[in-house]
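Novice: Put the two chains together into one complex; each comes in its own frame, and the hints tell you how they fit.
As they're listed, the protein sequences go chains A and B. Position 17 of the first sequence, counted from 1, bears residue number 17 in this note's numbering, the numbering being contiguous throughout. Position 192 of the second sequence, counted from 1, bears residue number 192 in this note's numbering, the numbering being contiguous throughout.
Derived by calculation from the structure, the hints in this document are not laboratory data. Heads up, the beta-carbon is just placed ideally off N, CA and C, and yes, glycines get one too. Mixed in with the good hints, there may be bad ones.
To be verified - Part of the chain B face toward chain A, derived, beta carbon under 10 Å:
| # | residue |
| --- | --- |
| 1 | R126 |
| 2 | T231 |
| 3 | A238 |
| 4 | E239 |
| 5 | K241 |
| 6 | G242 |
| 7 | R247 |
| 8 | A253 |
| 9 | K255 |
| 10 | N256 |
| 11 | I259 |
| 12 | P260 |
Said to hold, decoys possible - If you want the footprint, here are the derived chain A segments under chain B, 3+ residues with CB under 8 Å:
| # | stretch |
| --- | --- |
| 13 | 93-100 |
| 14 | 116-130 |
| 15 | 135-144 |
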Amino acid sequence: MNPPLLSVRGLRTVFPTRRGPVVAADDVDLEIAEGEALGIVGESGSGKSVTFLSVLGLLRPPGRIEAGEILFAGRDLRRLPHAELRALRGRQMALAMQDALSALNPAFTIGTQVTETLLTHRIAPDMRAARAQAAALLTRVGIPAAAERLDDYPHQFSGGMRQRAMIAISLAARPRLLVADEPTTALDVTLRAQVLDLLDTLRREDGLALALITHDLAVVAERCPRVMVMYAGQVVESGPTEAVIARPRHPYTRGLLESLPRLEDPDRPLHPIPGQVPDLARLDPGCRFRNRCGMAIAECAAPVTLQPAGEGRLSRCIRAPEMAP
Amino acid sequence: MTASRLLERLFQTLPVLLGVSLIVFLMITLTPGDPVEIMLADSRATPEQAAVLRHDLGLDRPLPERFLIFLGRALTGDFGISFFHRRPVWDVLVERLPATIELTLAAILLALAVAIPLGVAAAVKRDTWMDRALSAISLFGVSLPGFWFGILLILLFAVQWGIFPVGGRTSFDLEVARITGFLLIDTLLAGRLDAFGAALRHLALPAITLGLPTAALLARVVRSAMAEVLTSDYVLFAEAKGLSRGRVLLRHALKNALIPVVTVAAIETGSLLGGNMIVETVFGWPGLGRLVVESIFARNYPLVQAAVLFYAVTYVVLNFVADLLYTGLNPKVRL
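Just chain B, with the same shape it has in the complex (with noise of 0.2 Å):
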């Protein structure tokens, strides 16, 4: 991809993004609800006292001043305050994500992990009992509700066995000092293993719960893209030259399969930062997910808007980073 051509796909997301913000904004205005009243529910205010937070907060401005208050604000990377934690937005934020990143990052790799060798065998193996046992387990694992999924693996696993923790991040006295934020990797750096294995120990049922329905999606996106890779003449050609099975099935058929799998997946991930929220909240996981779902109950607008638009460029972030893997697998794109 030219630099000119990079360029292009940047300014295409700037409506988007722009769309988005806005979409956002009037929803969480529109909504039912006062920040004020919330934020001040507990101590005795007066009405007067509510009117002078209310202006300080900047809320007693007209809808579009207000919209384009924070459109200017948002250009240079100012989100404003928190109203629930009196702390500006993007620290808030900051010190969330890497939890979001992390369990994502789990779950994707995981899906993928399981997704391709099922993949590659039910195509392999077509028309067999083993293929359709696959599409069968995959199509019952797409239409798992994650909620549910979430809630029966902490009963099954945690609960009812303590195989696993039932939800949290780690154990409290297996706390290190935040580095990157990246509990895996700081306890890693802080050369704690016992750490890094209550780390992980926490990470497996939530990246289950997020990655068993995503690998049943990627598993059939796998599936297809090789039976019809396997069929193509390249792949005969490479078995006429006398390679083995493993080498054909593997380097010659996957890489092309790929193509559209990186593509999903790409797409899958942003979905799953949405899909977080649930199962954040099902796990006490302490990430986005679960702040932007507590502060949509506490009408805290200007979080939940950075972080709205926060998905979005990731979104959109995400496409891109697709576009280039793509690009990577496909030789034809690098024109």
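Chain A on its own, in the form it takes in the complex (with noise of 0.2 Å):
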């Protein structure tokens, strides 16, 4: 097999606050390879964006990577000079973010904030060549009439077509990479499935590798064959989506399915996770879920590191053996 598009190894990123650091992503590990969809879950807070930001060399200071290695096609993004990270951005790792509205620049047209990339990357030689190029991306997400609408303005789109004009911009360059983070969550199931199936035809014909940012699971079941759910900075458990759905390892995982209705029953009752995600600037070295977890021991007090749980995938539980069925 050819060794993965993206590799992370052992990523700390901390923020400094007042009341000490918060180490926000905690030691990740993650594997994406080109034309894979990878699926990462997990509540606000837990860590999943601050993981990507980082890959990305976007965090917002006083925000920083403390540890860990990022492989990027064979090179480490960590030791990159400025520039050069720069010149990847956008290029061959590329952003789509949740809300367009706020991802857009309002003061400048569609047309500019698309053409922007395809000139800074030299995909247009010229703007003639960029307006055209332009136009042809956003008719690739759906956009009626897109030559006639480049000179609007964010504000003159509606949300689903905001968001179409979003991500045809983050591909504009044609990434290997792309970082979605809720892409879908504001447009309608028909939009959404509309943009969730461009994004499956990348990754098909031109091998886009596909790193799933969501709180959907039933988008992660759909989209992704491999899945990754974070808790509280760490990854709790990870592998192939069918299984990790059929036969959660991890408390957590079990939870979260748990508090989601379902469209063969019902009638079944919801049953949300009780308690709250720990404070990330107080924690101590044991288990992060235990002061939520039914399965929750005396053993969970000490550290718990990844360990295979079967199926080709890992957990952090001492107690995902006794959860095999």
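Specialist: Pasting the structure below:
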């Protein structure tokens, strides 16, 4: 098998705060191969966005990477000079954001914002070519009469069109990796399917590697062969999506699944996970989920590592073997 | 902005101007002191002669009537005769205006040229020693009294070191034919670089006196606007596109951050016109501000009235310009 396009080892990202350092991503390992889609699931504050902002080199100060290795196409991004990292960004690895209304600059036309990427990375030789390509890109994401709408401002687009325009900008330079941070949360069901279909197509035809950050397990089940569940800055479970969803090996994953309504059993009572995420500035070395976990025992206060849990997956729970059916 | 919106804005200004006229009229007529006595102070006029002059100037009529006469004439562009100059007020104003506009524009441009880079730098280096130093300096700058600062600059740069002239608009031997009234333009039109240099050197200290406190204020506005914009998603997204740091800061962030700055700058320009009175007096700058100060002392009613009305109109127009610029920068308003 080819080496993965993106490989992260032992990533540790810290935000100093007045109450002490917050480790927003703690010892995170992950791999994404070309043409693969990895779903990253977890509630807000679980570290899923921070992990990928670290990968893209877009952490806002005072946040910084303390340890770890980020290999992209064989190059260690942490050792790359700023200029080279910037040349990769947008060109080889791109970001799609949750809220297009705030991700698009209100003061520039859609056309300007698409052509900017094309011209910066010299994908189009001049403005005329860039505008033609921009129109083609917008058409591809399903914006009608795209050529005439290049000079529209973001607020003149509908919500769905804005979201698709934003994704078109992310994909403008045909990146090899797309980090999509809740890209479809703001869309209605039809549009969501359209956008996800487009990403699937790019994945199959162009070998786009996709990191799909979401809290929507249904989207992951449908679109991502592999999934990684994060909780309080750590990966708690990862593996083939089908196995993880059918037979979770971590109580948090099981809790997430049980808190979802099911189509085939609409009358089943929902079980929200009780309690709250622990304060990240006040962590002890033990399992971070144990204060909310129905299976917690005294031994959970000791440090827990990710362990193989069968079917090609990893779990950060000492009682994982007992969860086998 | 549509034509109807434009008209609406213009109509909104009418009551403002009417109110300003009335207040100025009342203030100046109720202030003790009689222009006729001041005008005749050095000639031995009899009380009869004084009465004739008072009648000729219309000062013996009742106040409401005088106000209505003023308003009626003002509407036709006739602001009366300046008691002091014995010439139409309008002509006197127009003569002095370019000097004041030149000084005000120089001051606001200087202020923006200083404020934008410093404000951006402070926002980018937020919470560092540089940010704190800049904000301490700007607090100091905002609190500077103009007359004191002007005198200090004269003492240091003109008297002590002789780098800049003490006052005035140019040197006597370097005057050029008046074409626009803007000395920087007229000297260039006359092809006299030496005179242009002299005009620029005369302009420097008053422009700094007027401009630096404004720069301090604007720098604070730039900093806070920029700091807010820098945390926005669209700046992150622009960075994610792989744009250069300069392009992200100066295009994506600054264009949005300038929206509040432009509004404040336009309103500050209006205040600068008022601040001119002090600075023009300190530097002997032959502009409108000094003329108004002299006219107040001389109880030169028509001129003060016209000048204050002019200030009010300018203020309103500048606010209007701010709106137009705002529309240019912020496409969301363009509906």
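Novice: So, for every hint listed, does it hold in this structure?
Specialist: Tested hints:
no.	hint	in the structure
1	R126	9 Å, holds
2	T231	7 Å, holds
3	A238	7 Å, holds
4	E239	6 Å, holds
5	K241	4 Å, holds
6	G242	3 Å, holds
7	R247	8 Å, holds
8	A253	9 Å, holds
9	K255	5 Å, holds
10	N256	5 Å, holds
11	I259	8 Å, holds
12	P260	13 Å, violated
13	93-100	holds (count 4)
14	116-130	holds (count 4)
15	135-144	violated (count 0)
In the structure shown, a violation is registered for the earlier hints numbered 12, 15, in ascending order.
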